[in-house]
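A.B. asks: Sequence:
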Amino acid sequence: MSMITITYIGHATTLAESGGKAVLTDPNFSSHVLCFKRKEPLNYDPGKLPELSAVVISHAHKDHLNINSFRYIKGSVPVFVPVGLGKYLSQFIRNPVIEVNHYATHKLPDGVEITATEARHVGFIWSGLRYRRCNGYIMTFPKDNSQVTSHELRVFFAGDTAYGPHFKEIGNLYNGDAAIDIALLPIAGYSPLWFMKKRHMSPVEALEAFLDLGAKNMVPVHFGSFRLSAEKLAEPLEWLSRVAIERDLGERVHILRSGESSSL
51 MSMITITYIG HATTLAESGG KAVLTDPNFS SHVLCFKRKE PLNYDPGKLP ELSAVVISHA
111 HKDHLNINSF RYIKGSVPVF VPVGLGKYLS QFIRNPVIEV NHYATHKLPD GVEITATEAR
171 HVGFIWSGLR YRRCNGYIMT FPKDNSQVTS HELRVFFAGD TAYGPHFKEI GNLYNGDAAI
231 DIALLPIAGY SPLWFMKKRH MSPVEALEAF LDLGAKNMVP VHFGSFRLSA EKLAEPLEWL
291 SRVAIERDLG ERVHILRSGE SSSL
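Residue numbers (this note's numbering): 51 to 314.
Derived from the structure by calculation, the hints contain no laboratory data.
Cβ coordinates follow ideal geometry from the N, Cα and C atoms, glycine included.
Don't take each hint at face value.
[Unchecked claim] In silico PhoX-like links for lysine-lysine, alpha-carbon gap of 20 Å or less:
| no. | residue 1 | residue 2 |
| --- | --- | --- |
| 1 | K137 | K112 |
| 2 | K266 | K87 |
| 3 | K87 | K124 |
| 4 | K266 | K218 |
| 5 | K282 | K193 |
| 6 | K98 | K124 |
| 7 | K157 | K112 |
[Claimed, not checked] Label pairs and their in silico Cβ distance ranges:
| no. | residue 1 | residue 2 | range |
| --- | --- | --- | --- |
| 8 | K157 | S311 | 42 to 50 Å |
| 9 | L158 | S312 | 34 to 42 Å |
| 10 | K124 | E288 | 33 to 41 Å |
| 11 | L261 | T155 | 38 to 46 Å |
| 12 | L158 | D298 | 20 to 28 Å |
| 13 | G226 | Q141 | 41 to 49 Å |
| 14 | P192 | Y122 | 21 to 29 Å |
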């Protein structure tokens, strides 16, 4: 019996579903980011999105905050953003926009809880450098009678982030029955290293973050859709697969391509 279903739509866009509730991360259904064309087909029809409890936005970079994609999202769905981004986003969408500080929690009427976490990245947008805050998110789904677990279920979405001690801090907050069930961790955008190391993680660093979090499962994200950095498009996934096997983590790392789902 499934507990959480993750659908990897592409780049940082994922759909987490549990007990009839769903949260969408960084929706981007566009064929381009600026001048960069989508490399892997979008094998998901955004017109068929389920009823959403919430949308979470990690930061204001164009590949993560795609205004046009909100035409597929009902205007009643709350959108969670880093502090300082709400006024800007509210100019373009009719949804309720909720700013959240790191480690603040907002409980929705259907019982889903959204907690913002630290992310080590710089989130400016081209039209204004003042929107620099970045968030990760813990999405906590309430217990459901159909679930085989006796506790709430948690999905961690890292957004864009460099590797750092914040992963262990998050893991220390969420352990035991409150442990993270699935960590959605970015694996690409790391080259050239001298520039990207303070902004993104390599596949090896993503695995270290996975272990620091103490999460049960990992689903890699932020790869394959757009080539926004110097490494070859296929390199991050090949590197991750190899190292996961070497570290005996292969059964806990679940690789999905655009449009694929896994129930964990």
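A.B. asks: Which of the stated hints cannot be reconciled with the structure, identified by number in ascending sequence?
C.D. replies: Numbers 2, 3, 5, 7, 8, 9, 11, 12 - these are the hints that the structure violates, sorted from lowest upward.
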